[in-house]
Structure formats: C-alpha cells, structure tokens
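Going line by line, the protein sequences match chains L and B. Residue 2 is where the first sequence starts when you use my numbering, and the numbers rise one by one after that. Residue 786 is where the second sequence starts when you use my numbering, and the numbers rise one by one after that.
Hints were generated in silico from the structure; no laboratory data involved. Computed from a predicted structure; not experimentally measured. The beta-carbon is built from N, C-alpha and C at its ideal position, and this holds for glycine as well. Some hints here could point you the wrong way.
As the list claims (entries may be wrong) - Stretch by stretch, here's where chain L covers chain B in the computed footprint (C-beta under 8 Å, at least three residues): (1) 802-812; (2) 825-836; (3) 839-851; (4) 856-863.
As the list claims (entries may be wrong) - Each pair of labels, with its calculated beta carbon distance range: (5) L/Leu-45 x B/His-814: 17 to 27 Å; (6) B/Leu-823 x L/Ala-49: 41 to 51 Å; (7) B/Glu-821 x L/Val-8: 39 to 49 Å; (8) B/Asn-820 x L/Asn-117: 25 to 35 Å; (9) L/Leu-45 x B/Asp-802: 14 to 24 Å.
To be verified - Away from chain B, derived, C-beta distances all over 10 Å, residues of chain L: (10) Asp-26; (11) Ala-66; (12) Val-78; (13) Pro-97; (14) Glu-112; (15) Val-129; (16) His-132.
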Amino acid sequence: VGWGVAVVEARAMGKRYPAVLYGVDGEGIRRYARVVGLDLPFHLGRKAGFRDIVAPPMFAAVYTAPAVFGAMNDPEVGMDILHNLHASQRFVWSEPVCAGDTVFTEARIAEIFEKNGKGFYVFETVSVNQHGLETARGTWTNIVRPGPS
Amino acid sequence: VKPGKRIGPLHVRPEGDMALRYAEASGDHSSVHLNEDLARSVGLPGVVLHGLYSIALVARTANEAVGGDPRSLLSLTVRGRALVEPEARQEGRRTIRNARAELDLSFADGGPQGGVGLGARFGRLTVEAVLVGCPTFRESRG
Chain L
2 VGWGVAVVEA RAMGKRYPAV LYGVDGEGIR RYARVVGLDL PFHLGRKAGF
52 RDIVAPPMFA AVYTAPAVFG AMNDPEVGMD ILHNLHASQR FVWSEPVCAG
102 DTVFTEARIA EIFEKNGKGF YVFETVSVNQ HGLETARGTW TNIVRPGPS
Chain B
786 VKPGKRIGPL HVRPEGDMAL RYAEASGDHS SVHLNEDLAR SVGLPGVVLH
836 GLYSIALVAR TANEAVGGDP RSLLSLTVRG RALVEPEARQ EGRRTIRNAR
886 AELDLSFADG GPQGGVGLGA RFGRLTVEAV LVGCPTFRES RG
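Kindly generate the complete structure, drawing on both the sequences and the hints.
Here it is, written out as structure tokens:
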C-alpha cells in the first residue's frame with residue numbers, strides 16, 4: 002500500500018448551484034448552541050431584542066451545509082469525500098438568523114487545484130433570508146489527502 | 786476590545802460523545818466523525834471531531850469577549866492546524882498537543898452596544914482557542 006497523489010479534476014471550477022432552502026427552527030438553534038457551549042438566553046429561548054430566538058454566528062455552518070454538501074457530492078467535482086479534511090473556513094455575517102426564518106443558500110465552486118499531492122476544493126456560499134436580506138457569505142476550503150492505493 | 790488583543794484561551798474538554806452530539810446538532814453525519822473502522826481505513830487514528838466544532842469554539846471565544854451578542858461578530862477566518870479526537874480516544878497516549886486556531890476576526894465598531902452596519906469600521910484581532918487534553922496528529926505522516 003502506497004500513498005499516491007490526489008486525483009484532481011478542475012473542470013467544475015466556477016460552477017454554480019441552485020439555491021438550497023433551510024428552515025430554521027428554535028429547537029435546532031437551542032441544540033446547536035448547547036453543543037458548542039453557548040448557554041446564552043437569546044439562543045435558548047428568550048427573544049431579548051431579536052425577532053425570535055437568534056442563532057449563534059457559526060450556525061451559518063449548519064444552514065449552509067446542505068448547499069455545500071450538494072456541491073461536494075457533485076460527480077462532476079469528483080471529490081474523494083472520505084479523504085477530505087475541512088481545512089479552513091471564513092464567514093462574513095450580516096443579518097442575524099432567527100427561529101422561523103427560511104434561508105436560501107447558493108453555492109459556487111471558487112477553486113479546484115492540486116498542491117503538494119493534495120487536492121484543494123474551495124466553495125463559496127451566499128445566503129439570504131426570506132426577505133432577500135443577506136445573512137452570511139462563506140468560504141469553505143477542503144483538502145483531499147491522497148488515499149492508500 | 787482592541788486590535789491585536791489576544792482573546793481566550795478557552796479551555797474545552799470535548800466529551801467522548803461530542804462527535805455524535807455535534808453531528809446531530811449540525812446535520813453532518815460524515816463517517817470519519819462517527820465510524821471508527823471507516824475512519825481507520827482512510828488513514829485516521831480513529832474518529833475525529835468535526836473541524837466546524839473547533840471553529841465554533843473559536844467563534845464562541847471571540848463572541849464572549851464582546852458580551853455574546855451574535856451581531857458583534859462580523860467576520861471570521863479560521864485555518865485548522867490539527868485534527869482533534871474526542872477525549873475518549875486519548876487514554877494511553879503520551880504526546881498531547883494542543884490544537885490552535887489562529888484567525889482574523891472583525892467586530893462591529895463599539896462592540897455589542899455599537900450598531901452593526903456596512904459602514905462600521907472593523908478591528909483586527911488575533912484570537913486563540915486552545916482545546917485542552919486533546920491529542921492531535923500531524924496530517925502528513927508519510
């Protein structure tokens with residue numbers, strides 16, 4: 002068994018995907034907030050100045066994930082998901098996301114390249130709520146290690 | 786909060802079932818986080834915690850430093866440095882290396898009491914979140 006070079010196909014670069022909808026509910030926000038240790042009242046049940054229970058900023062990773070996973074699993078992208086590592090993440094936030102919101106996320110493949118035998122896959126997401134207001138922009142960088150061959 | 790200030794470190798000891806709990810809370814049920822045999826078969830030492838869990842801790846550290854209002858955090862960039870295994874896996878290991886994440890952050894000017902808007906000026910900060918007691922390993926092991 003040797004360790005080869007990750008196979009990278011860059012033809013899907015620039016590809017855009019249709020918006021994926023995510024319905025935000027209070028229980029989902031509460032569960033996420035507790036798991037990451039954010040026991041703040043406005044995440045757990047009180048409105049406290051927000052329209053409803055408000056999501057922690059990194060909940061953006063949850064509501065944008067279905068759009069990103071869709072792109073990652075696109076056969077044209079050809080990612081070896083099992084050898085994938087989530088290497089870096091950027092988010093830029095605007096409108097807060099609250100229970101009862103519907104968030105629409107569009108994903109785009111920003112970059113695909115090979116470096117040091119590893120495959121780099123960079124996805125960008127733009128999310129807007131039901132009023133058309135942007136909630137977050139994300140940049141997801143994934144690295145695929147060469148697998149045993 | 787001033788540019789260049791170090792926030793934290795936040796010390797967290799992820800429980801043995803944290804990968805499962807994060808999977809349920811986030812919807813990411815990828816096998817490398819839940820299936821021991823499969824994780825080993827792809828060259829990992831065992832199941833590893835979700836990178837986004839660690840990143841969430843970094844975001845939490847940053848947000849708590851300015852009072853916790855989710856509107857205070859305007860942007861965040863995290864580069865993962867190491868994989869993190871749940872606590873249950875560390876027994877019997879000698880080397881314990883902390884996972885660090887360094888990031889660029891921007892907050893709404895004035896912190897949680899300040900307004901949030903596109904016109905707000907951003908401060909740049911270096912923040913660290915240190916995961917305590919979590920063994921890690923280097924990605925390139927030959």
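For each hint, the structure was consulted:
1. 802-812: holds (count 7)
2. 825-836: Coverage by chain L holds here, the residue count being 4 at a Cβ distance below 8 Å.
3. 839-851: Contact hint for the region 839-851 of chain B vs chain L: holds, 6 residues under 8 Å.
4. 856-863: holds (count 7)
5. L/Leu-45 x B/His-814: 17 to 27 Å: holds, 24 Å
6. B/Leu-823 x L/Ala-49: 41 to 51 Å: holds, 42 Å
7. B/Glu-821 x L/Val-8: 39 to 49 Å: violated, 27 Å
8. B/Asn-820 x L/Asn-117: 25 to 35 Å: holds, 28 Å
9. L/Leu-45 x B/Asp-802: 14 to 24 Å: Holds, at about 21 Å.
10. Asp-26: holds, 13 Å
11. Ala-66: violated, 6 Å
12. Val-78: holds, 16 Å
13. Pro-97: violated, 6 Å
14. Glu-112: Label holds. Min Cβ-Cβ 15 Å, cutoff 10 Å.
15. Val-129: Since the minimum Cβ distance to chain B is about 15 Å, L/Val-129 lies beyond 10 Å and the statement holds.
16. His-132: holds, 16 Å
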